[in-house]
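Chains as they are written, first to last, in our numbering: chain S, 270 to 522; chain X, 270 to 522; chain R, 270 to 522.
These are computed hints drawn from the structure, not numbers from a lab. It cannot be assumed that every hint is accurate.
Unchecked claim - Simulated coverage check for chain R against chain X, where a stretch passes if three residues somewhere in it have a Cβ under 8 angstroms from a Cβ of chain X: (1) 380 to 391; (2) 451 to 465; (3) 470 to 481.
Think of the CB as a built atom: it goes at the ideal place given N, C-alpha and C, for glycine as much as any other residue.
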Amino acid sequence: METIRISDDGGVRTLELNRPDALNAFSGLLMDELTDAFIDARVTTTVKAVILTGAGRAFSAGADLQEMGRNSYRPRHGFAGLLDAILDFPKPFLLAVNGLGVGVGATICGLADFVYMAAGARLRCPFSTLGLTAEAASTVTFPQLMGRQRAAWFLMAAEWMSAAECKDAGLALEVVPDAMLMSRVREQAAKLAALPLASLIQTKSLIMDPLRPQLRESAQAENAGLAALLGGPANREALAAFREKRAADFSGL
Amino acid sequence: METIRISDDGGVRTLELNRPDALNAFSGLLMDELTDAFIDARVTTTVKAVILTGAGRAFSAGADLQEMGRNSYRPRHGFAGLLDAILDFPKPFLLAVNGLGVGVGATICGLADFVYMAAGARLRCPFSTLGLTAEAASTVTFPQLMGRQRAAWFLMAAEWMSAAECKDAGLALEVVPDAMLMSRVREQAAKLAALPLASLIQTKSLIMDPLRPQLRESAQAENAGLAALLGGPANREALAAFREKRAADFSGL
Amino acid sequence: METIRISDDGGVRTLELNRPDALNAFSGLLMDELTDAFIDARVTTTVKAVILTGAGRAFSAGADLQEMGRNSYRPRHGFAGLLDAILDFPKPFLLAVNGLGVGVGATICGLADFVYMAAGARLRCPFSTLGLTAEAASTVTFPQLMGRQRAAWFLMAAEWMSAAECKDAGLALEVVPDAMLMSRVREQAAKLAALPLASLIQTKSLIMDPLRPQLRESAQAENAGLAALLGGPANREALAAFREKRAADFSGL
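This is chain S alone, in the form it adopts within the complex:
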């Protein structure tokens, strides 16, 4: 794989987003390879838990805006396929947020079983500033984790959330000093991998089964909402401002 680095240690598999020069932005290729990685981890019987993290100083800058205009890559799974692969992943899924997470780099936290954040990491959902809307089922995962008010502010106002705020909001289970993040996450993953996989799968299934229908329904509604906004006046103004290196002006929009 070109964009995902995979390594196994005991029953713990680590997937590392490996586009550090692009701040691990989710390109079409990265989404396909990450989807394949989740599917492979699912069917590989020696894998008992998966850690996802990012190479370099960022966790992920989110969707690859550079690529958006070009569209040369034809995705096999796409974002919808990635979302399905994560929602269907039956084993423990730990997230090690090693640095900034933006867009899907933030909303993916709502899909993980256990999120560990480096103390210096922070998250942002810039959807409104792009004239767009929230994704990755975050409109249901975030309210369930942090309450509707905090979720609505985080998803609508496009402000940064520090690691400490993420922990307080329940979006992160633990905040860890930056240098100790990976050792702590590996320690926790190893605890899970020492337990019977059938029990872990059964308990995760019992927790997730009642939630999945709404997660899928909201993800579909988010896609429809996104499609309605893409190319609209606010989205065009946001992209124009981005190209012209000026602040967007949404007055009247």
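Once you have looked at the hints, place chains X and R on chain S.
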């Protein structure tokens, strides 16, 4: 309008409950005019966010008990109409709780997108002490925000909840020093109003759409529960004690 | 009753798990008698609130593993009957967790209306270490109270949770110094018992009615999951290790 003062500043509309001598109690007229205000803010395209607050030292003492006996006013919308107007309001709705909130002055916090409380404000749900039950869909909004245990205690035990407790419980997003409440809420509302309204509406819709059916169903069940208790032995004892300026005696009830 | 000690004080009934030498483990007889006690408290009109606590230093060690092999007792209600009796109990149900709670001694906290924990108490869900899975609808009550991430860790990783952590997670409403636990819980129960029972029942019903279908569905799914795991390789290894007083080895399982 007689009971609601409306003012616009940029895209932010402020609705002020304006019955300070009655501690902004919800009379029939106030409920109708507040309903009209939400409907007007909805259809007025220049309004991008709404702040609701109270004039004077209280936010709202809740239902107007003085008016209850008389019933001279024939409501056009009533409480059910107000609840619908708030549930259907598609734009950001910020609440500035400037002082005490009792009954619907407390439960309305569960319906707002963002609640800001003055440090000296506090809330109470006195339903049990009146021989009645909870309203405004609070039997579903409160458990979702603060967990079932805290919600059940707040709704059943009729004790005061301080601003700090409300923030800890997720019922308030922020506690602000009393003198700075309105400037802080206006600052946050202005941030939202600077963003594209279509994105705000879309994201709010995605968050609220999955919740609305249960909110409406619970509000109806609450109304049925209220109707079953109104005029019953405990409610009669509560009203008699109120008239006779003595403590109610619910032993055996 | 042999395993439950019942005492009334005003409108407050206290049920005490009374197998202190077995750390109040849930034997078949205890489950039947506790079921009967909830049914009796339900129909006894003078009872306005129920406190459940444990005799001795433990709250409850959970399912009676000693009894599991023998099966001499033929249960009348069983665990499913107990769960129904608690889910259907219409009056306030306070839990006084006086010491350690393991298994159902921990998951029952998700079913109570109000949980008070002694500062020295702690909880653990050892299901994975037994090759089993979670029960008592905890796969839905725990995520709703504490968010999915904390719930998944608590239910899957089999680690202890301190009283302070339980309060922070919303699983306990209050932590009380050990010596003051019962006086505090009685004080809170007496506040509720001084209010009209019809209001308490109505408000609890409004809170619980929307939650019950999923609670029952999850409890059934948990039972099916448990049945699938009982006697499986991990469960057999766990029981063998228990008998042989060694650590279980789940590698490859």
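Hints versus structure:
1. 380 to 391: It holds, with 4 qualifying residues against the three required.
2. 451 to 465: Since 6 is at least three, the answer is holds.
3. 470 to 481: This one holds; 9 residues, not fewer than the three required, reach chain X with a Cβ under 8 angstroms.
Violated hints for the displayed structure: none, as all numbered hints are satisfied.
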